[in-house]
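Number of protein chains: 2
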Amino acid sequence: MQVDVIASVNEARAIDLTHRTVIVIDVLRATSTIVTALSHGASGVIPVETVSQAKQTVQTGDVLGGERYSKKITGFDTGNSPFEYMVNDYNGKRIVLTTSNGTRAIQKAMKADHVLAGAMINAAACANAAYKLRKDIALLCAGTQDTFAFEDGLCAGLILAELYRCGENVQEIVTNDYGSMMYSAYRFHENNMVQALMSSSGGKRLSKLGYAKDVDYCAQVNVNPLVPILENNIMKPFNL
Amino acid sequence: MQVDVIASVNEARAIDLTHRTVIVIDVLRATSTIVTALSHGASGVIPVETVSQAKQTVQTGDVLGGERYSKKITGFDTGNSPFEYMVNDYNGKRIVLTTSNGTRAIQKAMKADHVLAGAMINAAACANAAYKLRKDIALLCAGTQDTFAFEDGLCAGLILAELYRCGENVQEIVTNDYGSMMYSAYRFHENNMVQALMSSSGGKRLSKLGYAKDVDYCAQVNVNPLVPILENNIMKPFNL
Numbered sequence: 001m002q003v004d005v006i007a008s009v010n011e012a013r014a015i016d017l018t019h020r021t022v023i024v025i026d027v028l029r030a031t032s033t034i035v036t037a038l039s040h041g042a043s044g045v046i047p048v049e050t051v052s053q054a055k056q057t058v059q060t061g062d063v064l065g066g067e068r069y070s071k072k073i074t075g076f077d078t079g080n081s082p083f084e085y086m087v088n089d090y091n092g093k094r095i096v097l098t099t100s101n102g103t104r105a106i107q108k109a110m111k112a113d114h115v116l117a118g119a120m121i122n123a124a125a126c127a128n129a130a131y132k133l134r135k136d137i138a139l140l141c142a143g144t145q146d147t148f149a150f151e152d153g154l155c156a157g158l159i160l161a162e163l164y165r166c167g168e169n170v171q172e173i174v175t176n177d178y179g180s181m182m183y184s185a186y187r188f189h190e191n192n193m194v195q196a197l198m199s200s201s202g203g204k205r206l207s208k209l210g211y212a213k214d215v216d217y218c219a220q221v222n223v224n225p226l227v228p229i230l231e232n233n234i235m236k237p238f239n240l
Numbered sequence: 001m002q003v004d005v006i007a008s009v010n011e012a013r014a015i016d017l018t019h020r021t022v023i024v025i026d027v028l029r030a031t032s033t034i035v036t037a038l039s040h041g042a043s044g045v046i047p048v049e050t051v052s053q054a055k056q057t058v059q060t061g062d063v064l065g066g067e068r069y070s071k072k073i074t075g076f077d078t079g080n081s082p083f084e085y086m087v088n089d090y091n092g093k094r095i096v097l098t099t100s101n102g103t104r105a106i107q108k109a110m111k112a113d114h115v116l117a118g119a120m121i122n123a124a125a126c127a128n129a130a131y132k133l134r135k136d137i138a139l140l141c142a143g144t145q146d147t148f149a150f151e152d153g154l155c156a157g158l159i160l161a162e163l164y165r166c167g168e169n170v171q172e173i174v175t176n177d178y179g180s181m182m183y184s185a186y187r188f189h190e191n192n193m194v195q196a197l198m199s200s201s202g203g204k205r206l207s208k209l210g211y212a213k214d215v216d217y218c219a220q221v222n223v224n225p226l227v228p229i230l231e232n233n234i235m236k237p238f239n240l
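Going down the list, the sequences are from chains A and B. Residues 1 to 240 in my numbering are what the first sequence spells out, letter by letter. Residues 1 to 240 in my numbering are what the second sequence spells out, letter by letter.
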């Protein structure tokens, strides 16, 4: 099984995505938030690229969420902090979500056979689900404003480590050079993920904006078994 | 001092190179070979992008060297193995060199204030020279056919580690997220660089072609104090 890491959305070519399972990774914070929202009862998350698309898509009863420059968008119901989705109010509701990078990456991934949302919090479950789908895999790092983000690379390395555990032997999972790099970096930081995320550009930026507890939350490894999968443009909990 | 890693030539924008010292890294094998040729007495190495440019550039008394698909080019004097340059025959001679990736990266880097050639074998010397030039630095990974190469990333991480040692305090050297990633991966492999290089796509390819000893040689860390610097399109030994 080939498992390639794509370091940023700009580097994703159609040939790297088609006929594959793509795991989109935006640790700070889109994919962590999608996992959290669905595991707290939201019926689905609709990722859209722009603010105007979000406003066009939202229907009565839906929740309108998202951020620009890490802050809630004016007129929206809620932002992009996972803590904002740990509420009962959104139980059974659809979330229409637009974020700076994560939702764009999900849109780009739509060429794939299956699209999953991966984060530190659901890495093992996500690796297990992707492995069972029996397709080659692309780990698509969403990044920040078209550049590579450290925390997404670490998460790609973590998901690779979990895929190695799924494999029947060490030769079964084959990765590309970005994959080897992310895996090695993850192994260097595996016992201190909070500090690693706090040292990243994204972690520092969120901390300055008062979201340090979001970084702490998103740095937790394998604490959530929920795997979001895209079905008809809506992220829903995947039932294997 | 800002020290940014650029993961492949395709990602290098002019703005990332101008007013900087650029260290071009092509561990397997262009920059390792340039260091070796100069430290064995060649008077200079002229990096050119294409075979026809090489043929146009070469003058009587010069050596014509290079590779395509890792093999010597038909009609050329020599290939791109560092061992081919450990001879007395090239003493005082200019080498006109064309390789698949490394020489293209050097051409691209020419927008910079200074261009150095970095490899595992001269990493500490190269970091020291770049630090003393007092400009911000870009570590440009040459990669393989427009994609990131693991061994170049590890070498970027090693050079970053050496730059951290040059810095007067831990805050002086600031890197981007690719830099954090390459540094972490280097630290994971620092005690077993030969094995790391042998596990890379480039290392495997060279081994298959009978160049395993080249990989062993290029994996040696800080064994050569020579730093090539580009002066009027010729790589020459840098005298600080």
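Warning: the hint list may mix true and false statements.
[Claimed, not checked] Below are the DSSO-like pairs computed for lysine-lysine, each with C-alpha atoms no more than 30 angstroms apart in a straight line:
no., chain 1, residue 1, chain 2, residue 2
1, A, Lys-213, A, Lys-111
2, B, Lys-135, A, Lys-135
3, B, Lys-208, A, Lys-204
4, A, Lys-93, A, Lys-71
[Unchecked claim] Just a sample of chain A residues kept apart from chain B, beta carbon distances all over 10 angstroms, derived:
no., residue
5, Asp-62
6, Gly-79
7, Leu-154
8, Ser-200
Hints were generated in silico from the structure; no laboratory data involved. Idealized CB from N, CA, C, for every residue including glycine.
**Asked** Hey, does Asp-62 of chain A actually stay past 10 angstroms from chain B on C-beta?
**Response** 34 angstroms, holds
**Request:** Would you assess whether Gly-79 of chain A, listed as outside the interface, keeps its beta-carbon beyond 10 angstroms of every beta-carbon in chain B?
**Result:** Holds, since 23 angstroms exceeds 10 angstroms.
**Request:** Find the nearest Cβ of chain B to the Cβ of Ser-200 of chain A and say whether that gap is larger than 10 angstroms.
**Result:** It is violated; Ser-200 of chain A is separated from chain B by about 6 angstroms at its closest Cβ, not greater than 10 angstroms.
**Request:** Verify the proposed pairing of Lys-93 of chain A with Lys-71 of chain A, using a straight-line Cα cut of 30 angstroms.
**Result:** Given that 30 angstroms is the threshold and the Cα spacing comes to 22 angstroms, the pair holds.
**Prompt:** Quick one, are Lys-135 of chain B and Lys-135 of chain A close enough, alpha carbons at most 30 angstroms?
**Reply:** The hint is violated at about 47 angstroms.
**Asked** Can the restraint linking Lys-213 of chain A and Lys-111 of chain A be considered satisfied, given a maximum Cα separation of 30 angstroms?
**Response** 34 angstroms, violated
**Request:** Decide, holds or violated, for the assertion that all CB atoms of chain B are farther than 10 angstroms from the CB of Leu-154 of chain A.
**Result:** 8 angstroms, violated
**Message:** Would the hint linking Lys-208 of chain B and Lys-204 of chain A be met if the CA-CA limit is 30 angstroms?
**Reply:** Answer violated: Lys-208 of chain B to Lys-204 of chain A is near 44 angstroms, above 30 angstroms.
Hint violations for this structure: numbers 1, 2, 3, 7, 8, all remaining hints satisfied.
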